[in-house]
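Please put together the full structure from these sequences, using the hints given.
As you go down the protein sequences, you meet chains A and B in turn.
Quick note on numbering: the first sequence equals residues 1 to 262 in our numbering.
Quick note on numbering: the second sequence equals residues 1001 to 1232 in our numbering.
FYI, nobody ran anything at the bench for these hints, they're computed from the structure.
Since this is a predicted model, take the numbers as computed values, not measurements.
The hints are all genuine.
For lysine-lysine, the following DSS-like pairs were computed, each having C-alpha atoms within a straight-line distance of at most 27 Å: (1) A/LYS7 / B/LYS1074; (2) A/LYS81 / B/LYS1122; (3) A/LYS97 / B/LYS1058; (4) A/LYS4 / B/LYS1090; (5) B/LYS1126 / A/LYS11; (6) B/LYS1126 / A/LYS4; (7) A/LYS81 / A/LYS183; (8) A/LYS81 / B/LYS1133; (9) A/LYS7 / B/LYS1099; (10) A/LYS7 / B/LYS1109; (11) B/LYS1067 / A/LYS252; (12) A/LYS252 / B/LYS1058; (13) B/LYS1133 / A/LYS7; (14) A/LYS7 / B/LYS1090; (15) B/LYS1058 / A/LYS257; (16) A/LYS257 / B/LYS1074; (17) B/LYS1074 / A/LYS252; (18) A/LYS11 / B/LYS1133; (19) A/LYS97 / B/LYS1074.
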Amino acid sequence: MLAKLLKHEFKATARIFLPLYLILLIFGLINRIFNVFDIFGDSISFNMQSTLSVISSIIYFTLIVAIIVMTLVIMIQRFYKNLLGDEGYLMFTLPVKPWQHIVSKLIISMLWSGLSLIVIISSIAILIGIKDTLAALSRGINFFIESLGYTGLLTACSYAILMFILYVLMIYSAISLGHLFPKYKLLASFGMYSVLYIINQVVTTVVLLTFGNKALANIISNSPTPSQIINFIQSLLPVPILLIVGNFLLTKFILEKHLNLE
Amino acid sequence: MSIILECKNLTKTFGTKKALDNVNLSIPRGRIIGLLGPNASGKSTFIKLCSGLLTPTKGEILIDDHKPGIETKKIVSYLPERSYLNDWMKVSDIIEFFKDFYDDFNPEKAYDMLVRLGIEPKDRLKTMSKGTKEKVQLILVMSREAKLYLLDEPIGGVDPAARDYILETIIANYNEDATVIISTHIISDIEKILDDVIFIKNGQLVLTKSVDEIREETGKSIDSLFREVFKC
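Next up, the structure:
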């Protein structure tokens, strides 16, 4: 059932993202043509060229912002509308467990966030050249590996992914909590997000001060070696995992025991 | 006769308002039942509790001996009083969706009914009128071979000609073991297909009887009895 949910969730979101991606890539190409091939080279057309290239650059950067915003908006909307709006009447009468709904939405959100990043980088590659982009990317990654090692890169990536999952699940929890309110559900969801954010911060701080006090003091007072920093970050990984589990269980509990589609 | 749906002390409150108040009810298999009551009497609340979209405040519901959950959703076919379909989808997409999730969904039946009602499978819902959308939803719901059908206002928005076809469809498509619960306040059209009626008012059941009993005892049609019971 999870596979079927994933399939339909992908279908429902792909129709929005794929055209956006295509447009961004095309505008990457248009910008490259304007800037690199210098088609309006002579002085008479100079103004025309600069105007056009400014306009197409503006469109290009607007599209990048639009894709980032849409990734977030769709993430929220698919949970809020598809599960807790009118479409929820269908979704929650399917013989599917609530946790499968949460996981399917989460996985597809992660997929699109990852793809949005890749497409944005690809469009930059089209704009400035694939060679230069790859070179810049590998310079960045190499710098990271040189200073923190492969373990460092792996740790940083795991941490980033965990934090991403945590923030998505916090959004889901906030929307589910907001839905428990009899009125102003959307407003309540925003309020609940702030509350959850504060709780998550407090938990992180408390754990850090209780278990990581010595290590933290070490890091701050001495100039730590890269491996010390990595060890410290690794020792912190259970915190987001704990918060992920907490937010997931909260959302699951509300959808299972307190679902009220009015 | 075995029981498909049982409610014990079922209560649902919204804030301070009691939408359903201590309802006790046993519904056998193989019946067509009219859930009749004026607006805001608790009809939709009852149906939504049975389909698992609402959680009871007190009491419990058992469908085929299970509380609402995955096991009951496999055997309950629910028609909501609103449109729950994605506007961007084609009818054929939705049929695919139902086929994927419900083992008891019969796509051929759905395509047959679409042809009968002159609806193109390739049409998008966005382009359809409200009545056509309602027909599509009803076709989807009745194309399942479920044990319990919960139909919330199935004929509210469609024209009288289609109404007859829909009622025929309901009778023709349910097997003898299945029970159909139809909530409505348009009684005269639906009266002829009902076996039993449940009258509901302010969240309480006021009458549960078979249509034959009512006719024998009162000599009235359900429609005129309804007007009498719910006189304003």
